[in-house]
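Numbering of the sequence shown is given in my numbering, commencing with residue 8 and proceeding in unit increments.
A hint or two may mislead.
Said to hold, decoys possible - Quick list of the computed label-pair ranges, beta carbon to beta carbon: (1) V8 - G39: 14 to 20 angstroms; (2) F21 - Y46: 16 to 22 angstroms; (3) V8 - S45: 25 to 31 angstroms; (4) L10 - R36: 16 to 22 angstroms.
Treat the hints as calculated values from the structure; they're not laboratory data. Ideal Cβ positions, reconstructed from N, Cα and C, are used throughout, including at glycine.
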Amino acid sequence: VTLFAVPTPNSEPFDIVKGPNRTLWFSERSAGKIGVLSY
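Based on the sequences and whatever the hints tell you, model everything.
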C-alpha cells in the first residue's frame, strides 16, 4: 500500500481510478473538485 498526499486539505478523496501515463484521478468530495496525481 502506498499513501499519497492530496493537494487539497480535508478534501475526502473518493472514487479513485487509474488513468493513462501513470496518473490517478479522484474526486475531492468535500472540496467539489477533481484531482490527479502522478506516480
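Now the hints, each set against the structure:
The given range of 14 to 20 angstroms is broken by V8 and G39, whose C-beta atoms sit roughly 27 angstroms from each other. Checked against the given bound of 16 to 22 angstroms, the beta carbons of F21 and Y46, roughly 18 angstroms apart, stay inside it. Restraint check, V8 to S45: a C-beta distance of roughly 18 angstroms breaks the suggested window 25 to 31 angstroms. A beta carbon spacing of about 18 angstroms between L10 and R36 agrees with the range 16 to 22 angstroms that was offered as a hint.
Of the numbered hints given earlier, the model fails hints 1, 3; all others are met.
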